[in-house]
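Protein chains in written order, with this note's numbering: chain A, 1 to 314; chain B, 315 to 619.
Simulated from the structure, these hints should not be mistaken for lab results. All C-beta atoms in this analysis are idealised placements derived from N, C-alpha and C, irrespective of residue type, glycine included. Do not rely on the hints blindly, as some may be mistaken.
Stated by the list, open to error - Pulled a few chain A residues facing chain B out of the computed Cβ check, cut under 10 Å:
hint	residue
1	Gly126
2	Val130
3	Val289
4	Arg292
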Amino acid sequence: MSTSVHLVALAGPGANPVDDVRQMLALHFMVNAFRAGAVVAVLGAVIGWYMVLRRQSFVGHTLAVVSFPGAAAALWLGVSVTAGYFAGSIAAALVIALVPRSPAGRPGSQESAVIGTVQAFALATGALFVSLYGGFLDSVTGLLFGSFLGVSDGQVAALAVVAVVVLATMALLGRPLFFATVDRNVAVARGVPERALSVAFLLVLGCTAAEVSQITGALLVFALLVMPAAAAQQLTARPVLGLCLAVALGLAVVWLALAVAFYSTWPVGFFVSSVGFAVYLAAVAVRLVRDRTRRVAVPGAGRVGAAAPGMAVT
Amino acid sequence: MTTAAFFVFAHPFLSSAFGAGTAIAAASGLVGYVVVLRGQVFAGDALSHVAFTGALAALAFGVDLRLGLYGGCVAFALLLAVLGRRSEADDTVVGSVFAWVLGLGALFLSLFTTSSTGTGGSGGTTGVNVLFGSILGLSGSQARADVLVSAAVAVALVALARPLVFATVDPAVARSRGVPVRMQSTAFLVLLGVTAGVATQAVGALLLLGLLAAPAGAAQRLTARPFRALWLSAGIAVGSMWVGLTIAYLVPAVPPSFGILGVATVVYLSTFAWAPMRRRHSPAGAGGQAFPGGVEPSVEPLVTP
Chain A
1 MSTSVHLVAL AGPGANPVDD VRQMLALHFM VNAFRAGAVV AVLGAVIGWY MVLRRQSFVG
61 HTLAVVSFPG AAAALWLGVS VTAGYFAGSI AAALVIALVP RSPAGRPGSQ ESAVIGTVQA
121 FALATGALFV SLYGGFLDSV TGLLFGSFLG VSDGQVAALA VVAVVVLATM ALLGRPLFFA
181 TVDRNVAVAR GVPERALSVA FLLVLGCTAA EVSQITGALL VFALLVMPAA AAQQLTARPV
241 LGLCLAVALG LAVVWLALAV AFYSTWPVGF FVSSVGFAVY LAAVAVRLVR DRTRRVAVPG
301 AGRVGAAAPG MAVT
Chain B
315 MTTAAFFVFA HPFLSSAFGA GTAIAAASGL VGYVVVLRGQ VFAGDALSHV AFTGALAALA
375 FGVDLRLGLY GGCVAFALLL AVLGRRSEAD DTVVGSVFAW VLGLGALFLS LFTTSSTGTG
435 GSGGTTGVNV LFGSILGLSG SQARADVLVS AAVAVALVAL ARPLVFATVD PAVARSRGVP
495 VRMQSTAFLV LLGVTAGVAT QAVGALLLLG LLAAPAGAAQ RLTARPFRAL WLSAGIAVGS
555 MWVGLTIAYL VPAVPPSFGI LGVATVVYLS TFAWAPMRRR HSPAGAGGQA FPGGVEPSVE
615 PLVTP
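The shape of chain A in the complex, shown without the other chains (with noise of 0.2 Å):
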């Protein structure tokens, strides 16, 4: 917040773009912020385009919004709030995996009723900490909406460590984490771990999830989650391809945004869930003329659920 002063001191964008991009990255805040933007944009755009693909977003959700009460939780007891972030995420990784999924019937009733008390309880007992904790309320409204403007060189050192060792893994599970999401019953037959491999997921998204929050704050975690994600698998259904799209998505949204709020006095989180949504629906739009002009009457076919499931996993 402190530093949309800064900002505001600063002239509004001019005729030249290369000056503006020139004048913004002679701020050492706005290189970390760029920097930080684009770890957090790559890694929630893989992990997102999983999540969206395994229809997980409200899975997804929970486990942003929980790592706000390790955060809470760590400035009320003064150790490291980096710590609180994974802590919270990775707790609530592990309780929803331990839920028992409904074997028939309705698909997981009573997993999302889980999933909602889960979230709900860690929300309130992140009002706990921040009551007992009594202090600023700045620090909350941080937690929750992010600082984006002030990330530091180490805390950007972090980031890209974790990014790594998150992105490493999923370069693990990713294929057969794809197959048993495609088609589940075949990746069972074939030997594939399906259950040990979801587990590992919920804990690589709980990773990112905390990850990700420390830059944009525990609520706005699933813009980046979700929209470039969504974007890539309505514009096409090629694994590979959609990852990267995802990316590149991801990391364009991330910088537009942050380009944009330098010339405002207007939140960064609003900017990236704003430039997130209009690509998201802009990609819809896209799908719809494809679909409208190929005539294609095979419902979702632009998604990637209707791949092809018989890639080999070796």
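Dock chain B against the given chain A, drawing on the hints supplied.
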């Protein structure tokens, strides 16, 4: 119990809190059961964030908070009804929309905080109150309004309950029997929107999901009969409200929202220990899912055309 009765009437703010809290909890418990049965918890999640944005939009533009709260929630409920009609309810679409709405909320929070710092700077506090609730701060007239709205929601839900449960458990048969399935699901989403609006004032926008999900989940695990579960869900919600408020009163460090949701969560958690114990006694089992076996016999005769 007598001491509890004593302290409730000792302070007017407590009788407001207990009165409004009871009504809000009953409405949330009733609506929540149907939400869980229909698998629409994610819609409740989305609405809880829309409630935040609606309330802060009203504050930022200087109108009554409740106008934005109810307006935002009902509008979003109608949007969900339209989206759900077009195709199967797609959580990615819902997620994208409400993530954006939340971004708008961040904007309104910042606008409101900036505009109110000149006049005393209560913006941040109000924002946090909208998120986490301030049931002990309800005035007498606010509490009366909340009781009226909650009572209306509860009556409407009980009136709709039988055909609604029928349509949820077996939509195809219900449709062929002449139950207006679409209209009902729209009406139900609007009820859910109003519930989100009224519950935001009690436990806050972020926590109302727990009041919808936890008592309902517990009730569903305890009995397979839908109407027994419906009343049980309302009972657990009201009980959690009372115990939670009492704890918050006795231990000042505990925010009321945490007390209420803590009790509801503990109740839900204990049903996970209790249900397997019961299943051991009766092999047919009340193993959590309320359908389809337990539902149809009790519902079918009631919806004769």
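To see whether the hints hold, each was checked on the structure:
no., hint, verdict
1, Gly126, "holds, 8 Å"
2, Val130, "holds, 8 Å"
3, Val289, "violated, 17 Å"
4, Arg292, "violated, 16 Å"
Of the numbered hints listed earlier, those contradicted by the structure are 3 and 4.
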